[in-house]
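Colleague: Residue-level listing of the chains:
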Amino acid sequence: MNFSFQIIPFFKGKRATFYTILIEGEELSEGDKFLDNDRVNQNRHFADLKQVLFNLKDKYGARLQFFKDEGLPGDMVNALYVRRGNLRWYCLRWSNQMVIFGNGGEKNVRATQDDPFLKNAEYGLRWVNQCFEKAVEREEIWVTLDGEIQGNLVFNKEDYIDRR
Amino acid sequence: MDKKRTEQIRAEFEAIESPNARFIDNQMYIAAQVQNCLERKGWTQKKLAEEAGLRPSQISEIISGEANPTLKTISALEDALCENVIVAPDFFMEELEEQGIIVQSISMDTISASYNQEDEVSQFVADESFSFNFFNEKKGEMEVDAAEDTTNMNPFNYRKAS
Chain A
186 MNFSFQIIPF
196 FKGKRATFYT
206 ILIEGEELSE
216 GDKFLDNDRV
226 NQNRHFADLK
236 QVLFNLKDKY
246 GARLQFFKDE
256 GLPGDMVNAL
266 YVRRGNLRWY
276 CLRWSNQMVI
286 FGNGGEKNVR
296 ATQDDPFLKN
306 AEYGLRWVNQ
316 CFEKAVEREE
326 IWVTLDGEIQ
336 GNLVFNKEDY
346 IDRR
Chain B
61 MDKKRTEQIR
71 AEFEAIESPN
81 ARFIDNQMYI
91 AAQVQNCLER
101 KGWTQKKLAE
111 EAGLRPSQIS
121 EIISGEANPT
131 LKTISALEDA
141 LCENVIVAPD
151 FFMEELEEQG
161 IIVQSISMDT
171 ISASYNQEDE
181 VSQFVADESF
191 SFNFFNEKKG
201 EMEVDAAEDT
211 TNMNPFNYRK
221 AS
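Taken in sequence, the protein lines are chains A and B.
If you're matching positions, the first sequence starts at 186 in the numbering used here and goes up one per residue.
If you're matching positions, the second sequence starts at 61 in the numbering used here and goes up one per residue.
Quick caveat, the hints were computed from the structure, so don't treat them as lab data.
Nothing here was measured: the structure is a model prediction, and the numbers come from that model.
Some hints here could point you the wrong way.
Stated by the list, open to error - Computed cross-link-like contacts, BS3-like style, restricted to lysine-lysine with a CA-CA straight-line distance of at most 25 angstroms:
| hint | chain 1 | residue 1 | chain 2 | residue 2 |
| --- | --- | --- | --- | --- |
| 1 | B | Lys101 | A | Lys342 |
| 2 | A | Lys244 | B | Lys101 |
| 3 | A | Lys199 | A | Lys253 |
Just chain A, with the same shape it has in the complex (with noise of 0.2 angstroms):
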């Protein structure tokens, strides 16, 4: 799964700062997609999810125990979840200072694999965290201390797709 986007500020915190992503052509990052989603937006541990959120941004950092570990080992793919709730809000979680959000949505399936919807959230993470690895070793883009992210944030496929 490749695509060109733009990564983009979300929310910021005292103790965090969250990215999205804007996918090249879509009207709406995937973390507003995720928000603006009705069967999220309607669920039942929707609010909780946003005390959490808020609290990660305000409190305590986006701390690794706060979050479930999705994707590829050693990925930075999490997911941000509630308590015996079945929302997954994928991420990636650089540090306890940086998150950056994609989609996400309710998982009623064993394995994220079998929910195509689900599926294409964690996929396509998986391609922006390969990008932006690459991005950070080639220091056109850099992470503060703060969490801040700096340089070229917008990334083109096709300076990103592995041609060996």
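Fit chain B to the given chain A structure using the hints.
Modeller: Same frame as chain A, but now just chain B:
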């Protein structure tokens, strides 16, 4: 990008209030505090489970902020860690005074006022416990002989190292 729609979505999200807000705050507060204790001691979750007589799955749930631990469970954790995991602000300050530690010169009225402000209380407790931990660790480092084990000399230490 539809900026107007984006602003609207985010504003609606920010306006949402969870009826479980206080409960979630406390779950996360306890989770973060226990994790900090583990990191200070260099303990694994398994080690804590053994020391506290709890199941590893219980510890895992507490640390990920998913548990609703009983006072008995929290007490077992505190005993194992030799640290307080929860504090009562009014009595916490008295405890500081008894230990000869002054965190900041504020009156009990000020503390009560902070305590009564719902949005402030969790942050207040978290900040104070952090200051207390930091201060006491430094104090411990200064006072304790180099040879003495300092692992129990942390801020909420109520079961003093012999």
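Colleague: Would you mind marking each hint as holding or not holding in the structure?
Modeller: Here's how the hints hold up against the structure:
1. Annotation: proposed proximity of Lys101(B) to Lys342(A) is violated, straight-line Cα distance about 45 angstroms (limit 25 angstroms).
2. Distance restraint check for Lys244(A) and Lys101(B): the Cα-Cα separation of roughly 23 angstroms lies within the 25 angstroms cut-off, and the hinted pair is therefore satisfied.
3. For the hint linking Lys199(A) to Lys253(A), the alpha-carbon distance of about 23 angstroms falls within 25 angstroms, and the restraint holds.
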